[in-house]
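Just so we're aligned, residue 2 is where the sequence shown starts under the numbering used here, counting upward by one.
Source of the hints: derived by calculation from the structure; they are not laboratory data.
Glycine residues also receive a C-beta, built at the ideal position from the N, C-alpha and C atoms.
Computed spacing ranges between beta-carbons, pair by pair:
1. 118 / 39: 17 to 25 Å
2. 122 / 6: 32 to 40 Å
3. 141 / 114: 33 to 41 Å
4. 108 / 26: 17 to 25 Å
5. 6 / 38: 37 to 45 Å
6. 106 / 86: 31 to 39 Å
7. 122 / 7: 29 to 37 Å
8. 35 / 68: 41 to 49 Å
9. 133 / 96: 17 to 25 Å
10. 39 / 122: 17 to 25 Å
11. 43 / 6: 31 to 39 Å
Okay, derived cross-link-like pairs now, DMTMM-like style, lysine to aspartate or glutamate, Cα gap no bigger than 20 Å in a straight line:
12. 117 / 107
13. 96 / 114
14. 12 / 130
15. 117 / 41
16. 117 / 33
17. 96 / 74
18. 117 / 27
19. 96 / 54
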Amino acid sequence: MPDGQQSAYLKAQRQHLEECEQDLAELGTLLEQRPWSRIERHAAERSLQLLIEACIGLAKHWAREETGMACRDAITGFERLQDAGRIESDIPWRKIIGLRNVLVHDYLDVDPDIVKSVIADRHYRTIIDFGHQALAALDQVG
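Make a model of the complete structure from these sequences and hints.
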(Lines of atoms letter the chains of each structure in order from A and count residues from 1; the text may use other names and numbers.)
(Lines give C-alpha, C1' and ligand atoms only; values in the text may rest on other atoms or scores of the structure.)
Protein backbone atom coordinates (compact mmCIF):
# COMPACT_ATOMS: atom_id res chain seq x y z
CA MET A 1 0.00 0.00 0.00
CA PRO A 2 1.51 3.39 -0.95
CA ASP A 3 2.50 5.59 2.01
CA GLY A 4 -0.38 8.07 1.53
CA GLN A 5 -2.96 5.31 1.42
CA GLN A 6 -1.34 3.53 4.38
CA SER A 7 -1.47 6.73 6.41
CA ALA A 8 -5.13 7.34 5.52
CA TYR A 9 -6.01 3.72 6.32
CA LEU A 10 -4.31 3.86 9.71
CA LYS A 11 -5.94 7.20 10.52
CA ALA A 12 -9.39 5.86 9.62
CA GLN A 13 -8.80 2.67 11.62
CA ARG A 14 -7.59 4.66 14.63
CA GLN A 15 -10.72 6.83 14.57
CA HIS A 16 -12.93 3.77 14.10
CA LEU A 17 -11.26 1.99 17.03
CA GLU A 18 -11.78 5.03 19.27
CA GLU A 19 -15.45 5.24 18.29
CA CYS A 20 -16.00 1.54 18.99
CA GLU A 21 -14.26 1.90 22.34
CA GLN A 22 -16.45 4.87 23.32
CA ASP A 23 -19.66 3.22 22.12
CA LEU A 24 -18.98 -0.05 23.94
CA ALA A 25 -18.02 1.76 27.15
CA GLU A 26 -21.24 3.78 26.99
CA LEU A 27 -23.28 0.66 26.33
CA GLY A 28 -21.59 -0.95 29.33
CA THR A 29 -22.54 2.02 31.50
CA LEU A 30 -26.14 1.82 30.31
CA LEU A 31 -26.23 -1.89 31.08
CA GLU A 32 -25.09 -1.20 34.64
CA GLN A 33 -28.02 1.19 35.05
CA ARG A 34 -30.79 -0.78 33.36
CA PRO A 35 -31.50 -3.47 30.76
CA TRP A 36 -30.84 -2.42 27.19
CA SER A 37 -33.63 -1.53 24.83
CA ARG A 38 -33.87 -3.55 21.63
CA ILE A 39 -32.14 -0.74 19.74
CA GLU A 40 -29.31 -0.63 22.29
CA ARG A 41 -28.89 -4.40 22.05
CA HIS A 42 -28.61 -4.09 18.27
CA ALA A 43 -26.10 -1.25 18.71
CA ALA A 44 -24.03 -3.47 21.01
CA GLU A 45 -24.07 -6.33 18.50
CA ARG A 46 -23.14 -4.04 15.61
CA SER A 47 -20.38 -2.31 17.58
CA LEU A 48 -18.81 -5.65 18.49
CA GLN A 49 -19.09 -6.85 14.90
CA LEU A 50 -17.40 -3.73 13.53
CA LEU A 51 -14.67 -3.83 16.18
CA ILE A 52 -13.84 -7.45 15.42
CA GLU A 53 -13.90 -6.83 11.67
CA ALA A 54 -11.54 -3.87 12.06
CA CYS A 55 -9.10 -5.99 14.06
CA ILE A 56 -9.27 -8.82 11.53
CA GLY A 57 -8.32 -6.28 8.87
CA LEU A 58 -5.50 -4.91 11.01
CA ALA A 59 -4.21 -8.42 11.72
CA LYS A 60 -4.17 -9.29 8.03
CA HIS A 61 -2.43 -6.03 7.16
CA TRP A 62 0.17 -6.38 9.94
CA ALA A 63 0.82 -10.04 9.13
CA ARG A 64 1.33 -9.17 5.46
CA GLU A 65 3.86 -6.50 6.49
CA GLU A 66 5.63 -9.03 8.75
CA THR A 67 5.67 -12.02 6.40
CA GLY A 68 5.14 -10.64 2.92
CA MET A 69 2.24 -13.07 2.46
CA ALA A 70 -1.43 -12.15 2.12
CA CYS A 71 -3.91 -13.71 4.54
CA ARG A 72 -6.99 -15.21 2.93
CA ASP A 73 -9.09 -15.93 6.00
CA ALA A 74 -9.77 -14.21 9.29
CA ILE A 75 -7.70 -16.40 11.59
CA THR A 76 -4.53 -16.59 9.49
CA GLY A 77 -3.37 -13.07 10.30
CA PHE A 78 -3.59 -13.71 14.03
CA GLU A 79 -1.85 -17.09 13.72
CA ARG A 80 1.02 -15.61 11.72
CA LEU A 81 1.45 -12.81 14.24
CA GLN A 82 1.48 -15.35 17.08
CA ASP A 83 4.01 -17.51 15.25
CA ALA A 84 6.22 -14.46 14.75
CA GLY A 85 5.99 -13.64 18.47
CA ARG A 86 4.28 -10.32 17.79
CA ILE A 87 1.14 -11.09 19.80
CA GLU A 88 0.34 -13.37 22.71
CA SER A 89 -1.13 -16.78 21.96
CA ASP A 90 -3.54 -16.80 24.91
CA ILE A 91 -6.19 -14.63 23.22
CA PRO A 92 -9.07 -16.78 21.93
CA TRP A 93 -9.14 -15.38 18.40
CA ARG A 94 -11.14 -18.34 17.05
CA LYS A 95 -13.92 -17.61 19.56
CA ILE A 96 -13.77 -13.89 18.82
CA ILE A 97 -14.00 -14.54 15.08
CA GLY A 98 -16.79 -17.04 15.78
CA LEU A 99 -18.73 -14.33 17.60
CA ARG A 100 -18.29 -12.04 14.61
CA ASN A 101 -19.53 -14.80 12.31
CA VAL A 102 -22.64 -15.33 14.44
CA LEU A 103 -23.32 -11.59 14.53
CA VAL A 104 -23.06 -11.39 10.74
CA HIS A 105 -24.48 -14.68 9.48
CA ASP A 106 -26.60 -16.11 12.29
CA TYR A 107 -28.05 -12.85 13.58
CA LEU A 108 -31.45 -14.37 14.36
CA ASP A 109 -29.86 -16.70 16.91
CA VAL A 110 -27.46 -14.34 18.69
CA ASP A 111 -27.38 -15.14 22.40
CA PRO A 112 -27.98 -11.75 24.06
CA ASP A 113 -26.39 -12.99 27.29
CA ILE A 114 -23.08 -13.54 25.50
CA VAL A 115 -23.15 -10.03 24.07
CA LYS A 116 -24.04 -8.60 27.49
CA SER A 117 -21.23 -10.57 29.12
CA VAL A 118 -18.63 -9.43 26.58
CA ILE A 119 -19.57 -5.83 27.27
CA ALA A 120 -20.40 -5.94 31.00
CA ASP A 121 -17.22 -7.88 31.83
CA ARG A 122 -15.23 -5.69 29.42
CA HIS A 123 -13.90 -8.66 27.45
CA TYR A 124 -13.98 -6.39 24.39
CA ARG A 125 -10.95 -4.59 25.89
CA THR A 126 -8.76 -7.46 24.65
CA ILE A 127 -9.87 -6.69 21.10
CA ILE A 128 -9.39 -2.94 21.58
CA ASP A 129 -5.92 -3.51 23.03
CA PHE A 130 -4.97 -5.63 20.02
CA GLY A 131 -6.19 -2.85 17.72
CA HIS A 132 -3.96 -0.31 19.47
CA GLN A 133 -1.01 -2.73 19.34
CA ALA A 134 -1.54 -3.35 15.62
CA LEU A 135 -1.84 0.35 14.84
CA ALA A 136 1.38 1.08 16.75
CA ALA A 137 3.20 -1.68 14.86
CA LEU A 138 1.88 -0.50 11.51
CA ASP A 139 2.86 3.09 12.33
CA GLN A 140 6.45 1.83 12.66
CA VAL A 141 6.30 0.17 9.24
CA GLY A 142 4.75 3.14 7.45
